[in-house]
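Chemist: Chains as they are written, first to last, in this note's numbering: chain A, -10 to 347; chain B, -10 to 347; chain C, -10 to 347; chain D, -10 to 347.
One should not assume that every hint holds.
Restricting the straight-line Cα-Cα distance to at most 20 Å, the calculated cross-link-like pairs of lysine to aspartate or glutamate (EDC-like) are [what the hints assert, rightly or not]:
1) Lys10(D) / Glu27(A)
2) Lys262(D) / Glu248(D)
3) Lys262(C) / Glu27(D)
4) Lys10(D) / Glu55(A)
5) Lys10(C) / Glu27(B)
6) Lys346(B) / Glu62(D)
7) Lys260(D) / Glu62(C)
8) Lys262(B) / Glu62(A)
9) Lys262(C) / Glu184(C)
10) Lys260(D) / Glu305(C)
11) Lys262(C) / Glu305(D)
12) Lys262(C) / Asp89(D)
13) Lys10(D) / Asp78(D)
14) Lys262(B) / Glu305(A)
15) Lys260(D) / Asp89(C)
16) Lys10(D) / Asp89(A)
17) Lys346(D) / Glu62(B)
18) Lys10(A) / Glu27(D)
19) Lys346(C) / Asp89(A)
20) Lys260(B) / Glu305(A)
21) Lys10(D) / Asp101(A)
22) Lys260(B) / Asp89(A)
23) Lys262(D) / Glu305(C)
24) Lys262(A) / Asp101(B)
25) Lys260(B) / Asp101(A)
26) Lys10(A) / Glu248(D)
27) Lys260(C) / Asp101(D)
28) Lys260(D) / Asp202(D)
29) Lys346(A) / Asp101(B)
30) Lys10(A) / Glu55(D)
31) Lys260(C) / Asp89(D)
32) Lys262(B) / Asp296(A)
33) Lys10(B) / Glu62(C)
34) Lys260(A) / Glu305(B)
35) Lys260(C) / Glu305(D)
36) Lys262(D) / Asp296(C)
37) Lys10(C) / Asp78(C)
38) Lys260(A) / Asp89(B)
39) Lys10(C) / Glu305(B)
Keep in mind the hints are simulated off the structure, nothing from the lab.
There are 4 protein chains.
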Amino acid sequence: MAGSVYGTVFRIMTWGESHGKGVGVTIDGCPAGLALCEEDIQTYLDRRRPGQSRYTTARSESDQVEILSGVFEGRTTGTPIAMIVRNMDQRSRDYSAIMDVYRPGHADYGFDSKYGFRDYRGGGRSSGRETIARVAAGAVACRLLAQYGITVTAYVKSIGVFEVQSARFDLAERDRNPLAMPDPVAAAEASDFLERMMAEHDSAGGVVECLVDGMPAGVGEPVFDKLDACLAKAVMSIGAVKGFEIGDGFAAAEARGSENNDSFYTDGDGKVKKRTNHSGGILGGISDGSQIVLRAAFKPTPSIARDQQTVNRMGENVQIAIRGRHDPVIVPRAAVVVEAMTALTIADLLLMNRSAKI
Amino acid sequence: MAGSVYGTVFRIMTWGESHGKGVGVTIDGCPAGLALCEEDIQTYLDRRRPGQSRYTTARSESDQVEILSGVFEGRTTGTPIAMIVRNMDQRSRDYSAIMDVYRPGHADYGFDSKYGFRDYRGGGRSSGRETIARVAAGAVACRLLAQYGITVTAYVKSIGVFEVQSARFDLAERDRNPLAMPDPVAAAEASDFLERMMAEHDSAGGVVECLVDGMPAGVGEPVFDKLDACLAKAVMSIGAVKGFEIGDGFAAAEARGSENNDSFYTDGDGKVKKRTNHSGGILGGISDGSQIVLRAAFKPTPSIARDQQTVNRMGENVQIAIRGRHDPVIVPRAAVVVEAMTALTIADLLLMNRSAKI
Amino acid sequence: MAGSVYGTVFRIMTWGESHGKGVGVTIDGCPAGLALCEEDIQTYLDRRRPGQSRYTTARSESDQVEILSGVFEGRTTGTPIAMIVRNMDQRSRDYSAIMDVYRPGHADYGFDSKYGFRDYRGGGRSSGRETIARVAAGAVACRLLAQYGITVTAYVKSIGVFEVQSARFDLAERDRNPLAMPDPVAAAEASDFLERMMAEHDSAGGVVECLVDGMPAGVGEPVFDKLDACLAKAVMSIGAVKGFEIGDGFAAAEARGSENNDSFYTDGDGKVKKRTNHSGGILGGISDGSQIVLRAAFKPTPSIARDQQTVNRMGENVQIAIRGRHDPVIVPRAAVVVEAMTALTIADLLLMNRSAKI
Amino acid sequence: MAGSVYGTVFRIMTWGESHGKGVGVTIDGCPAGLALCEEDIQTYLDRRRPGQSRYTTARSESDQVEILSGVFEGRTTGTPIAMIVRNMDQRSRDYSAIMDVYRPGHADYGFDSKYGFRDYRGGGRSSGRETIARVAAGAVACRLLAQYGITVTAYVKSIGVFEVQSARFDLAERDRNPLAMPDPVAAAEASDFLERMMAEHDSAGGVVECLVDGMPAGVGEPVFDKLDACLAKAVMSIGAVKGFEIGDGFAAAEARGSENNDSFYTDGDGKVKKRTNHSGGILGGISDGSQIVLRAAFKPTPSIARDQQTVNRMGENVQIAIRGRHDPVIVPRAAVVVEAMTALTIADLLLMNRSAKI
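Okay, chain A solo, but in the shape it has when bound (with noise of 0.2 Å):
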């Protein structure tokens, strides 16, 4: 209960440090039946893998993953599939400079405060590390919706000001860019901004936006477990987000209702459609049938090599530069484990839904 298991039919447990033997999780709760190899999953973990651009940290890791079990002759058994990727480069190296310094835009402080001490190797716990376990399984996640017409798709879409524009809009686009944005002169004009800030030794934040196709209506549960209102803890539980929006979000608030709803229409053959998706999939917490359409914004990342003024644990003032290997932007390597997350969600919650009726 301590915040490491996710999901309630489809649940995970994770584990895993920054600088300890590796991370992994175990999902309980995969049906039987279901196609899965090592390959499948490798794919999911080499979109969030460092060392791919000049835009991400220099730590080297393969971070290849190995199933553990649950698996028999190629398909799930229904049995708990437990997963691994060890670490492979948790140098050596001297933490007394800050392991008991309360880094700014961390939560170094706030473990210590709830712990009594924390493993200070590189955050510990609380690295980027541990959303290796998440996109393992969420890779298995989308396996499983896939079986059932279900895609997910996340990208960047944008970095600090500078923002995919719907015009230039090209999902192919994502793959051929370092910055995973679907629109090559944002993607330019992002990569721009990041030099000038790592060149000032700051950082950057950015939206990562994320569609859901093929999703049937009547998914999600009335009241505290609606659609949407999983899949924002599960958004906001990855490190450094800070806000949430489906559909419209906030520019549904200076909307007048007549803009707002969105109308359905049906063109004879017994579906219902809708003329415009200003909800994001979802009303009243329920999949309406339409494409789900999700944000979440990501603060810049916290590590930077200036000055700071922070506090240690001794409770004095002190002065911190974070030298480290630090991305100097996560979003683009941030946007496979939004993916992870909303596909982990609605894989629970289709699975949940198969009780809802006698």
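Fit chains B, C and D to the given chain A structure using the hints.
Modeler: Below, chains B, C and D without anything else, positioned relative to chain A:
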């Protein structure tokens, strides 16, 4: 598991429909020894009660709460606290106009897709009356938090584009105007705007902001049950919420790391403080000891008295105009609901935190 | 989480005390579309109602149930089903004799140790009246199981040493005698024994046996949520139960493997059957398609009108004689409670099983 | 939710199959600050390791545990503790004889009914090797309980009809004989009996008894999460357990109230004690401060080398003789598993109890 349970240690289950016998909630896990009486709850319920201004539904409900169990000689016993509010004005009327029609912006179509049929009277379980149960339970959570010096305060930040200005912020004003806005000028502007919306048979949305003061550092779990993730789910589970922010929220995505990081400092009294609060009181999912600041974006009320295009159960294109009693804007009554969900979440994580250390 | 929630998919929360306003239960997760009315529940409640024979408490309660939500036009809607039974005969009396005294065989001392104080009126939350809520919810579970051809039947197997003989077993007899024993001879013997106990101001225990027919194979989860493990918790959670067996139970520990193994066979109709049923219908925690057989051992009623030695809250040795209205034996009224807990457990695992395969 | 998660606050998830890569467990919710190393775990694992006597399987496994996360500088950090034991002797052999056949007394038929197929190698997830993960987690729970002066001790009470006599009870003897019986005479009798069973290609069952000392009063939740109900589930979830008793268990059903009630008394030191312990340390589901006593009945090992009648996947009547490496009796190795499940349950409820009072 069908979504009417919230919380892990401080756990509630709610029930009830708009036009059924009433709504209610049971709390399992409230610690023993808390002084509690019906008046403590009623004060909160009165803040969301309809009929208090021309901007709310004309439905006449006194929303009197009855505590059925779990309190003995004025204190909670540690056993479940059941509470009920009977519906009084579930007036019998003719639902034939809407019983087979999917109202735009509502969960009707989702409900039918999920369950095969629905209680079509006034939205059934998806009615705003469902939030009575949240507020009743939230009032108990607020009482519990008060024991630890924690207070939760929500108000309307904006209606449409009319926003509270920090220079004019006056919390006492919140309880003086029917829009729950702590700024008389903004309230007046918003009133004018609402009059226009009502005249045009239209509706408005807005933003609720919520502050938590007295929060100790160390609350919230790393990874999935981050304090901000749990708050996001809590608040997004309120009907009509389309966006959520903590601290700087979406603005953080455009900031630089050097701007967004909050410096820690101490006055030599052993207390760790922050010079700024861009984080909104939470870092890495754990409270950092400063004020928690969150915002929720509410869409405009979907029930409007204009003609709208939609589809019915028989799969035919039809036109609908909703004639019932509806709020032209719900944010003024929703502020206390945001408080309730925030308090429930913090109470739960605070109790959970009792097992963080040996 | 304080222990008044049961189930995962078909989930209930109960509330209420012996001398409070009433007892109740809310079910979250009952599938939509089940025909249900108050009479369906009342039939079950009537079987545990007091005052139906000289062997039960004289407390006068009609135990009328009111369904408050979740049923529309005679069918469950998929949303929470709240039910309430008001207490009628919580007669005002003088509790000064027992309010500070720890009754032997009761939870009084545990309650004070746990919560610091307790509702001392008639056992408060630990009263047998708490089981009304279980029976009401269990009645709904039975209705659900009936949809799938599953029936649950419990009866008294023995009172003291007087046991139902299989040669004389007649289920119809169960409802003819006040001891719920399906054997008129055993019932007569047990009656004589109970008369003696009452004359001596003493009490008796007994064993309840429960059968589940129509059970499909494949229900129950390997490892922790084995069907028999879940049934054990369900039944052991009924006050006064001190032992639980499935199939041959403790006798299996003395058998040889060659005796205890049940051979599978088929008549060529594709159905897998067993020649014997030592397993009691469950193998490796999963139903094997044969009849489920379980037994629960109930201790004698701890409230007896004899002088007993004990301690009070002030830590003094004192003498107590309990003068209230108490059943000299509870097993006849407990049979339906065992049915209820069994049905709730099977309904939950049956729904959970819907996500076993893709 | 597929049944490989146990516990609420101190929560574990296990994984692994008999002939897969290994077995493992992750603990989420172990409080920070507990001194822990691999040797602490290994001591417990060694007690269930095979190959230590002629009464266990000849499978050669060293069962070495590796802690993968959650421990830093010798203490638990509050984050998940992942542990793995690699399988070493999952020898490749020909499973064609059993892959399509439902072994009597095993879960094979249930697995196929549930999941559509199964990992037929050595029982897959239903193998006794699954209990390694329980024991590893249980060892951590025991360390935690030791902090509070609580110890958990299990031993074999009987094998077949050969039972430990209280007059000869000597706990030290438990670790001296391969049957884990704390009575040398009973152990010798049981040995002779087992030799006979082995000669006859048959198997035996038995009873494990478990004691918990140092238990404070007030642990366990009223209603569904009673301490004894939770223990029942914990212990019944161990493969092959068919019965469970607390205190006097089934014997209590034949006792009178005046015999079965335990009198409370005090020596004037403020401590509340009991003159007898028929309750087995639990009243009304809450610990009463005396020793907890529970028993589990294990059926005889179902894998026997005799010809047995059964059915195969194709629905044909077939004959089977199981040739693998099997224990003629499992109770000696199961004692530590009962300890583990007991410790996990008590640790969980003990932590849960931290939120009982304000």
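Chemist: Next step is simple, just say for each hint if it's right about the structure.
Modeler: Tested hints:
| no. | hint | verdict |
| --- | --- | --- |
| 1 | Lys10(D) / Glu27(A) | holds, 14 Å |
| 2 | Lys262(D) / Glu248(D) | holds, 17 Å |
| 3 | Lys262(C) / Glu27(D) | violated, 47 Å |
| 4 | Lys10(D) / Glu55(A) | holds, 10 Å |
| 5 | Lys10(C) / Glu27(B) | holds, 14 Å |
| 6 | Lys346(B) / Glu62(D) | holds, 16 Å |
| 7 | Lys260(D) / Glu62(C) | violated, 58 Å |
| 8 | Lys262(B) / Glu62(A) | violated, 57 Å |
| 9 | Lys262(C) / Glu184(C) | violated, 45 Å |
| 10 | Lys260(D) / Glu305(C) | holds, 10 Å |
| 11 | Lys262(C) / Glu305(D) | holds, 12 Å |
| 12 | Lys262(C) / Asp89(D) | holds, 16 Å |
| 13 | Lys10(D) / Asp78(D) | holds, 10 Å |
| 14 | Lys262(B) / Glu305(A) | holds, 12 Å |
| 15 | Lys260(D) / Asp89(C) | holds, 16 Å |
| 16 | Lys10(D) / Asp89(A) | violated, 40 Å |
| 17 | Lys346(D) / Glu62(B) | holds, 16 Å |
| 18 | Lys10(A) / Glu27(D) | holds, 14 Å |
| 19 | Lys346(C) / Asp89(A) | violated, 50 Å |
| 20 | Lys260(B) / Glu305(A) | holds, 10 Å |
| 21 | Lys10(D) / Asp101(A) | violated, 37 Å |
| 22 | Lys260(B) / Asp89(A) | holds, 16 Å |
| 23 | Lys262(D) / Glu305(C) | holds, 12 Å |
| 24 | Lys262(A) / Asp101(B) | holds, 15 Å |
| 25 | Lys260(B) / Asp101(A) | holds, 13 Å |
| 26 | Lys10(A) / Glu248(D) | violated, 57 Å |
| 27 | Lys260(C) / Asp101(D) | holds, 13 Å |
| 28 | Lys260(D) / Asp202(D) | holds, 16 Å |
| 29 | Lys346(A) / Asp101(B) | holds, 11 Å |
| 30 | Lys10(A) / Glu55(D) | holds, 10 Å |
| 31 | Lys260(C) / Asp89(D) | holds, 16 Å |
| 32 | Lys262(B) / Asp296(A) | holds, 18 Å |
| 33 | Lys10(B) / Glu62(C) | holds, 14 Å |
| 34 | Lys260(A) / Glu305(B) | holds, 10 Å |
| 35 | Lys260(C) / Glu305(D) | holds, 10 Å |
| 36 | Lys262(D) / Asp296(C) | holds, 18 Å |
| 37 | Lys10(C) / Asp78(C) | holds, 10 Å |
| 38 | Lys260(A) / Asp89(B) | holds, 16 Å |
| 39 | Lys10(C) / Glu305(B) | violated, 50 Å |
The structure shown violates the earlier hints numbered 3, 7, 8, 9, 16, 19, 21, 26 and 39.
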